[in-house]
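Undergrad: First to last, the sequence lines map onto chains F and P. With the working numbering applied, the first sequence covers 14 to 401. With the working numbering applied, the second sequence covers 14 to 401.
All clues given are correct.
Because identical chains share one entry, a pair is satisfied inside a single copy or across any pair of copies.
Heads up, simulated DSS-like pairs for lysine-lysine below, C-alpha to C-alpha not over 25 Å straight-line: (1) K128 x K39; (2) K39 x K145; (3) K51 x K143; (4) K143 x K209; (5) K143 x K39; (6) K397 x K382; (7) K339 x K375; (8) K339 x K393.
Keep in mind the hints are simulated off the structure, nothing from the lab.
2 protein chains.
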Amino acid sequence: MSDAYLSRGVSSTKDDVHRAIEKIDKGEFAGAFCKLIKDPYGSPDWCAAMHADGAGTKSALAYIKYNETGDFSAFSDIAQDSLVMNLDDLLCVGATDGFVMSNTIGRNAHRVDGKAIRSIIEGYETFLTKMKRYGVNITMSGGETADVGDLVSTLIVDSTFFVRMRRSDVVDCGNIVPGDVIVGFASFGKAVYEDKYNSGIGSNGLTAARHLLLSKYYAEKYPETYSPTIDISKVYCGKYRFEDKLPGSEQTVGDAILSPTRTYAPIVREALNSFRSEIHGMVHCTGGGQVKCRNFGNGIHYIKDNLFDVPPLFCAISENGDISQKEMYQVFNMGHRLEMYCSEKTAGELIGIAAKYGVDAKIVGYTEKSGSTLNAVTIKADGKIYEF
Amino acid sequence: MSDAYLSRGVSSTKDDVHRAIEKIDKGEFAGAFCKLIKDPYGSPDWCAAMHADGAGTKSALAYIKYNETGDFSAFSDIAQDSLVMNLDDLLCVGATDGFVMSNTIGRNAHRVDGKAIRSIIEGYETFLTKMKRYGVNITMSGGETADVGDLVSTLIVDSTFFVRMRRSDVVDCGNIVPGDVIVGFASFGKAVYEDKYNSGIGSNGLTAARHLLLSKYYAEKYPETYSPTIDISKVYCGKYRFEDKLPGSEQTVGDAILSPTRTYAPIVREALNSFRSEIHGMVHCTGGGQVKCRNFGNGIHYIKDNLFDVPPLFCAISENGDISQKEMYQVFNMGHRLEMYCSEKTAGELIGIAAKYGVDAKIVGYTEKSGSTLNAVTIKADGKIYEF
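Here chain F stands alone, though its shape is the one from the complex:
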């Protein structure tokens, strides 16, 4: 791991955290993408999951955008980021309905006022209303906005989901087998359920993305948006301002980096309704990026040799040179943020479903035996081979 990440106080592998929680049991389906527990309400046919995640340091960008332009809309999009980072993880165990969620917003009340909070809450409501139209029901219940200015310099927006589901509906990545194909679903573009073009960024790697893309102008104007523990040479050392055009794209850099995390919920819902038993596993390529799959399956070698062209935003992040191409694949989704594992025949059906929702999908690779009990990942792209 290069220092592009660690020097900024972030570990994409979070080894120390994994050591801290290694004793915690894996739940009812040890191979599943999220931990599932016995039904807390006693039904032997059901299980449940609870899941926490948030928008990460993307909220610092929404804060800058508001201060630069007076436009609150970025706060609404942060709500979607915070939601989808949970929702799409839970999709990967096969849950597509019956979600309950709550949020936790921490703010410095000297810098973030009630209008920003209102915009975030409206962002939650807008997204939930939209998902309901696609048969994905999420009930928002409660939430806490805490004034913790001595901890949080601007604002942090986290969400937690609960879901209860039939055990027979669980998708377990432990069922991924050698010979599966990997269907990748594009993280970029404009789905029929999206209002604007999406750069594909998601909500991972935002610390690296922000500092590698954006110009020192933001360090000088908004010192509250970076940690003083980061060497100043690593802070906002890119060449762009929000309003600059992103090379190779119609978007500005600001719109691209603030693109709200795309959900795949409508697609996954329809895919599972028709092909649940054919889908061996689903992986949400969040922290760990294209190497995330390595955490799942048993003795699987994941070979990805037909990835999407890297979207312009990720190209702009890597052109800075402070992060290696290999590390880019470990931090960012690089073009698809959801993958499904199945037969080639089923793949065609899944790609067809994605097309109905305006989302590109294709076979991006396949699985083999790894030759040991461990998993491995090989990425072949741009004439290079990266082994993980």
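For this one, chain F is given, so just place chain P on it according to the hints.
TA: Only chain P this time, still in chain F's reference frame:
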């Protein structure tokens, strides 16, 4: 409201936040202490709640204690703070079992390492194991530790709870009636399920408590534990260091201010098992302190004329003079953090149950008609009368 609080970036009433969420519906039991929703899994006899809260700025104290002494134990206690702020709110709707919880820890990885995270997780496990012995089952499922050093200067520890319960078991503060007595359960002392003496502090008002109690020494040594938006004259402007003896107490100031939030779960469980239908309402005196009850009931005048003697820690906070005695009652629990509303006869039974667990309880006041549709609170203490 004096500026003791707002000048430090905290609003105990959070008016702007309440305006932001005022449109959100009140749920199935409009008068209940927490929002309850229809059962997401379709049973007409059940309902559910999801609840988020955290340790607030108390985590900055654990961080200081660790850096001063090398002692990790304060991180474990922070886990209890983060848990109990949720658990005891949910007790107040009558839920005492079948909880599922998740945590969200945000940290600056340059300052807070994996050992601290492990200590927090162990704190969660220890507390859950202890509660299980008292018949209060909480399943820990999932959790997220995010490296967000650009947002969080040290660490923030939040938890979210889900619970599903029978509608017939719900305790609804809307049933509080004129003529009830108010039973207060001490926040201080040493319950049979606690390992050490508890100052009674809970996890509210910690921003004020920290800055009013602790000496400028901590401002100079740990600038990462306060917001630069606070005027320096308001930062750590008390006279104490952690190791100083707290006047009127056997505790040090550090042990007192870091006392983990007491839960009342074992007591409430037993009280509800025997007297559920006799308990008209329960209030957890968190944000809003002794005035919190004003948010519940209809046309009720709450008269509190027999409060516990103010515990030494709260006396030390108020002696600074930067916060009025009236405001102290709005920010801190001042001696009891749980109250139950019932007849005088039932009160005697509840006080007896608390005694079995080593927790002082007594009738601290009573209710009358307020004479309008609004609620009011009168506190009579130390020969003074405070009207809210």
